[in-house]
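A.B. asks: As a plain string of letters, each chain reads:
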Amino acid sequence: MLLLIPLLPFVGFLLNASFGRRIGKAAAGAVACGAMAASFAVSLAAVWRLLALDPESRVITDRVFSWITSGDFSVAFALRLDPLASVMILIVSGIGLLIHVYSTAYMHEESDSEFARYFSYLNLFAAFMLVLVLGSNFLVLFVGWEGVGLCSYLLIGFWYQKKSATDAGKKAFIVNRIGDVGFVLGVLLIFVRFRTLDFLEIAQSVAPLGPETVFGTISVITLLLFIGATGKSAQIPLFVWLPDAMEGPTPVSALIHAATMVTAGVYMIGRNALLFSHAPETLTIVAIIGTATALMAGTIALVQNDIKRVLAYSTVSQLGYMFLAMGVGAFGAGIFHLYTHAFFKALLFLGSGAVIHALGGEQDLRRMGGLKSELPITYWTFLVGSLAIAGVPGLAGFFSKDEILFRTFAGGHTLLFFVGLLTSLLTAVYMFRLVFLAFYGPSRAAHAAPSHAAPSHAAPAHPAPAHPAPEHPAPAHPAPEHPAPEHPARHQAPRHQAPGTHLHDAPPAMAIALIVLAIGSVVAGYVSLGGRFERFLEPSFAVTASVRGAALQPGEEVAVDRGLETTLMGVSSLVAFGGIGLAVYFFLKRREAADRMARQFAGVHRVLEHKYYVDEIYDLAVVQPIQIVSREGLWKTVDVRFIDGAVNGVAEAVRGSSEVLRRLQTGSVRAYAASLFLGVVTVLGYYLWR
Amino acid sequence: MPTLNHYLLLSAVLFAIGTAGVFVRRNLITILLSIEIMLNAVNLTFVAFGRAMGSADGQIIVFFVMTVAAAEAAVGLAIVIALFRHRESLNPDMFTQLKW
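Protein sequences, first through last, are from chains A and B.
For the first sequence, the working numbering assigns the number 1 to the initial residue and increments by one for each residue that follows.
For the second sequence, the working numbering assigns the number 1 to the initial residue and increments by one for each residue that follows.
Do not take every clue at face value.
What the hints assert, rightly or not - One side of the interface only, derived from the structure: several residues of chain B facing chain A at Cβ under 8 Å:
1. F15
2. P92
3. D93
4. T96
5. Q97
6. K99
Said to hold, decoys possible - Derived Cβ-Cβ restraints for the label pairs, each shown as a range:
7. A:V650 - B:N91: 38 to 44 Å
8. A:G667 - B:F84: 17 to 23 Å
9. A:A646 - B:E88: 49 to 55 Å
10. A:S675 - B:P2: 34 to 40 Å
11. B:V13 - A:V650: 50 to 56 Å
12. B:M66 - A:A651: 49 to 55 Å
13. A:A646 - B:L77: 51 to 57 Å
14. A:V650 - B:A78: 43 to 49 Å
15. A:W689 - B:A71: 33 to 39 Å
16. A:R690 - B:M66: 32 to 38 Å
17. A:A651 - B:H86: 37 to 43 Å
Source of the hints: derived by calculation from the structure; they are not laboratory data.
For clarity, every value in this text was computed on a predicted model and none was experimentally measured.
For each residue, glycine too, the CB sits at the ideal point set by N, CA and C.
Looking at chain A on its own, in the form it has when it is part of the complex (with noise of 0.2 Å):
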């Protein structure tokens, strides 16, 4: 029955993959969608079945066959529910199918061969995502952990027409293969150590041990899996490849860049929660990594000026929470905050995708403006979603970014905390300056000029890049905060839609899913009302409990913490509304003090801009080097002298020897008979008077 979940998308790739160009692009939806639903479905009659079981021992574990067998060596194709995986798979096919659904309408205006083939990879995707979370060993949650790889340079390349979106592709794969190899080493290493790679049996072996007081195996290991875990979720060092990965067709980052493929790092440390906790090292590194990708994120998000940028950075920023989470201890929060931040990020992307889709494919910030009336849907689930991941009280963001503040303060990590928490109010700040930019104020867009002159005629008429005039000097309101694009414009792809056409709100497809997700992001965080998700997820982590002993107690500490409980909710809320109020003077009020403060701090508003400058550092700390080694050591050395100077040598050397040796053979058959009796003679002598 597992095997399903996963096996019902991979069919719907083959299906449109194979036949999709000519079954049309509503049956290929349909194929896509309902390939989603049906596995939606299995995940939600498989989690029915796992919480019939009792609490202690709900584990389905589903073997489908033994892959390899070599020496002591086993690995078997199994998948194993359990409540984190439980919470995982819905989460993918769940937000996926609804991505799905918005898909069909976004990608409406494809080709049909490219409607089918944006389909099968997206389907592929969630097959491959599925694997990952149901895998029950290191090498099956690998297959998955690539193939989600592979699955995210398709679709980031999917205009690949576009050479900005092959070198985005390109730059997240590799960047991937970077953490790969460290995660590569990790597994390694788990079997050189424990035999197994089983994640059951890899807790049983290491649950009697205690924590390592210095740096030894475990803490090899769980870094070495770490550093695989900042290449997939992009964390500092590998994220730098997220915010290009916004080259990709805008659900698909909905779908890859913030509710499924970036939390496949915080999930594998989810899983090896009690492995985690036996390195006090390794988690020391995770929570300070987290905690400064959250910050630095934060405030590159503040400045960037590509509405999906923006949220790019915002997901790194929030992946950062969950890495802080799980680096003190918090393993339950961690997954917590992907949950809500899966409704929240998929909607605030699925928004953005709307205003871009009405917009014609601006995606510049500085052309928006004044879209609240004429995007009614659009905003106010945008603002749902953006009230959400500030932290507002009662929207799901409030329930798990609290709580992970709060086990941070609780762990004694006072620094992170505060930290944390200035990131928290960068979300609010940010977040709604995205808003007010984008729905507030007057309409900026040049869309207003050449526009409801002909709507009729617009569309496909058009072969020109269509684009509301990237030149235009944006008249009546410059925004004044940036006054020259320096960047033309990043676009959207050969979408072809003519600037004049009228803006319209998003479609049903589109609304349904936007509707269905503000909903999820507000009502979301109240399954964790009392701890009831985080005693749901703790089989998961069992054993770390047990490990942890005398740290948790139940029954009074939690009594004790109620009080600081309610007092960090109080500060956190204040902060939120603290980060709402500030973005509303400085972007909604008065848009002239940001640009005085961007004014005035002109070498840090570059710095941000420039995203700290980190794509630059590491193409001359980088790809500069390998690529002056490759091409003068590697080409013109090893490749030019060595390996060509052996081959043509050898040539030469028969050449050479040829041009002697030839000269023995001059044609007279005399000299032939001659040599002929000299060598008989040789042979004979040697013979008879050896």
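Please arrange chain B on chain A, whose structure you already have, making use of the hints.
C.D. replies: Just chain B now, with coordinates in the frame of chain A:
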């Protein structure tokens, strides 16, 4: 009474004469004749051994050699005639085209 050694000595002398002829003479027909002398020197060795050992094998092989020699002479002379028609010469040093 000549002994085996006498026959072998004669055969060796004949063979040497034939070999010298092949290398020294510049006429293809003479060279062919020299080859015949070498073959017959070998034939002599065969019969001499055959007689000394009291076996017929040596004599049988001589018959084979004679047949092959006859065939060889026929082919050789045919080639010589063909060459002469081409080059108006019988000197083997004239025929050195087949070289590097």
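A.B. asks: For each hint, tell me whether it holds in the structure or not.
C.D. replies: Right, here's what the structure says about each hint:
Checking B:F15 against chain A by beta carbon gives a least distance of about 11 Å; that is not within 8 Å, so the hint is violated. Nearest Cβ of chain A to the Cβ of B:P92: about 5 Å, under the 8 Å cut. The hint holds. This hint holds: B:D93 has a C-beta 6 Å from the nearest C-beta of chain A, less than the 8 Å allowed. For the restraint placing B:T96 at the interface with chain A, the shortest Cβ-Cβ distance is roughly 4 Å, inside the 8 Å limit, so the hint holds.
Checking B:Q97 against chain A by beta carbon gives a least distance of about 6 Å; that is within 8 Å, so the hint holds. Interface hint status for B:K99: upheld, as the beta-carbon distance to the closest one in chain A is roughly 3 Å, under 8 Å. A:V650 and B:N91 have their C-beta atoms about 43 Å apart, which keeps the hinted 38 to 44 Å range intact. With their beta carbons about 18 Å apart, A:G667 and B:F84 fall inside the hinted range of 17 to 23 Å.
Checked against the given bound of 49 to 55 Å, the beta carbons of A:A646 and B:E88, roughly 54 Å apart, stay inside it. Distance hint check for A:S675 and B:P2: the Cβ-Cβ separation is about 36 Å, which falls inside the suggested range of 34 to 40 Å. Checked against the hint of 50 to 56 Å, the pair B:V13 and A:V650 passes, with Cβ atoms roughly 52 Å apart. The supplied range of 49 to 55 Å is met by B:M66 and A:A651, whose beta-carbon atoms lie about 51 Å from each other.
At roughly 54 Å, the beta-carbon separation of A:A646 and B:L77 lies within the given 51 to 57 Å, and the hint holds. Evaluation of the 43 to 49 Å hint for A:V650 and B:A78 yields a pass: the beta carbon distance comes to about 45 Å. In this structure the hint that A:W689 and B:A71 lie 33 to 39 Å apart at CB holds, the actual value being about 35 Å. At about 34 Å, the CB distance of A:R690 to B:M66 agrees with the hint of 32 to 38 Å.
Taken as a hint, the range 37 to 43 Å holds for the pair A:A651 and B:H86, whose Cβ atoms sit roughly 39 Å apart.
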